[in-house]
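With the hints as extra help, turn the sequences into a complete structure.
2 protein chains.
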Amino acid sequence: MSILVVGSVALDSIETPFGKKNEILGGSATFFSISASFFDKVNIIATVGEDFPKKHLKMLRNRNIGTDGIAVKSGKTFRWEGRYEYDMNVAHTLATHLNVFQDFSPDIPQNLRNSPILFLANIDPDLQDKVLSQMNNPKLIACDSMNHWITGKKGSLEKFLHKVDIFLLNDAEARQFSGEANLLMAAKAIVAKGPRSVIIKKGEHGVMYYSKREHFIAPAYPLETVFDPTGAGDTFAGGVIGYLSKAGKINDATIRKSMVYGSIMASFAVEDFSVNRLLDIKMPDIDKRYSDFKKLTRF
Amino acid sequence: MSILVVGSVALDSIETPFGKKNEILGGSATFFSISASFFDKVNIIATVGEDFPKKHLKMLRNRNIGTDGIAVKSGKTFRWEGRYEYDMNVAHTLATHLNVFQDFSPDIPQNLRNSPILFLANIDPDLQDKVLSQMNNPKLIACDSMNHWITGKKGSLEKFLHKVDIFLLNDAEARQFSGEANLLMAAKAIVAKGPRSVIIKKGEHGVMYYSKREHFIAPAYPLETVFDPTGAGDTFAGGVIGYLSKAGKINDATIRKSMVYGSIMASFAVEDFSVNRLLDIKMPDIDKRYSDFKKLTRF
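Going line by line, the protein sequences match chains A and B. Under the working numbering, the first residue of the first sequence is numbered 1, with each subsequent residue one higher. Under the working numbering, the first residue of the second sequence is numbered 1001, with each subsequent residue one higher.
No wet-lab data here; the hints were simulated from the structure. Just so you know, even glycine gets a beta-carbon here, dropped at the ideal spot from N, CA and C.
Straight-line alpha carbon distances no greater than 20 angstroms define the calculated EDC-like cross-link-like pairs of lysine to aspartate or glutamate that follow: (1) K212(A) <-> D165(A); (2) K193(A) <-> D129(A); (3) K1295(B) <-> D1285(B); (4) K1193(B) <-> E224(A); (5) K295(A) <-> D1252(B); (6) K1294(B) <-> D292(A); (7) K202(A) <-> E1204(B); (8) K1188(B) <-> D292(A); (9) K1202(B) <-> D171(A); (10) K1257(B) <-> D292(A); (11) K1041(B) <-> D1287(B); (12) K1202(B) <-> D1087(B); (13) K188(A) <-> D1087(B); (14) K139(A) <-> D40(A); (15) K1295(B) <-> E214(A); (16) K1212(B) <-> E224(A); (17) K188(A) <-> E1204(B).
Which chain B residues face chain A? A few, computed with CB under 7 angstroms, are given here: (18) L1184; (19) M1185; (20) H1215; (21) V1260; (22) L1296.
Which residues of chain B face chain A? A partial, calculated answer using Cβ under 8 angstroms: (23) G1206; (24) L1223; (25) T1297.
Right, here's the structure in full:
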């Protein structure tokens, strides 16, 4: 199949206990698409400013990622500045400059409206709905969200989620959205609100998949060093959706495997700043970690 | 085989968001032995005061748990008072009255010195060493510890761990003992200090086994309600050691299965106060959860 991802392409300035980097490539659509590109064809819908380095677009195209949907607008590219403490679990936002992303409201090019798989990264749920309304019945609709929209646009999000097959969010967001402290109760409550299934991302503690029919849990791939967790969630989503697209069918077995591939992709992403580690690996590296993960968890 | 456990038998007063109970049966040896008794023969070495209710000893004997090594001393039984907040992850100790447990320094009865498996629950590492010195070459030596001994008797603990096959501790203790924030690094550092293997208990986030040759990770059995986490760690250890004793051989495959059985036993323990839930279940209930867990985690 092929995947359309709608989200951000950004320049991040990141500080972790391992160092500091300014204006490195970031954004949800970036991490997602590079991760998914190991498995299948991806096209990006996003917007950047005139200042966005051409080399990044070239890198994406060299990976066979479709960039025709990345609009270059007059103004500056979305910038995010963040800092991580020693435990790496919480991102502290130092500054957010939305710039051209502020007015992001894409018209999906005609040739991309037939994409069978749609991933709506973390954007305003009203915008997620507006994008979906332009599509011609995708077979699989997945989306992410964040605390900002759960707080400020809960009604819109809940309405939109009825149209969604897979809703991805992290553990803190799942607790906030459901009002349940226990994650299994949270997953049940979220699925009762509309989406066909939910994936709760627990960072270093792994992932949980929940639908009315199926339930899957997996630990995270254990790493000795987490260098920069930025983009881990979107990279995970890219692995999940990328694998499902390549598999060509969505059932219990492919969903379980997709989540392990997602975890493996995220395990690479956090080993360096930006998408550097993802650009460094090849499919055999991914398969090796998949096989290691099987050995680590079998009983 | 058969197991000798050395630890506490206590009376707990516990407050959780679900209620409050006074002077209920607790103690590391209690949770461990009831959990292990589902798998194999266990004998307890402990001490209680004259006030310890006879009904508890009778209950243990009715489960074929050997209580001849529980010395009844003049004085009062060890009492612990604790409280859990809504998230249930941290026990707040309100009071500890060691009473007769203060002078616990057991002479192991001759007929128990040949026990092939020894579990030394959380007691002074000097006392753990003293107990071990009385034993006739057990085939498997496992022990627990806690922050109190890591802080106050690190030298004794490190010396003793060279004699230990499996060292069990929780994630916070593993970080404290090793000085490593990352749990994989912590596990490596701990094994480098002496024990043949380490099991790091991460509560609701599962478990990690690490030795120089093998590495295993598993999520926790997901529960909708955690009623009272007291004793979960010792119940886990009882499932691990109980299964290994029943299996009769200790290798990579039996260790992996033992850890899943340990997690299953702990999942029952936390569903009610004290050992109530453990007294309520039968082997088919355990096998059912084991099979559910396999379905939940396979990919």
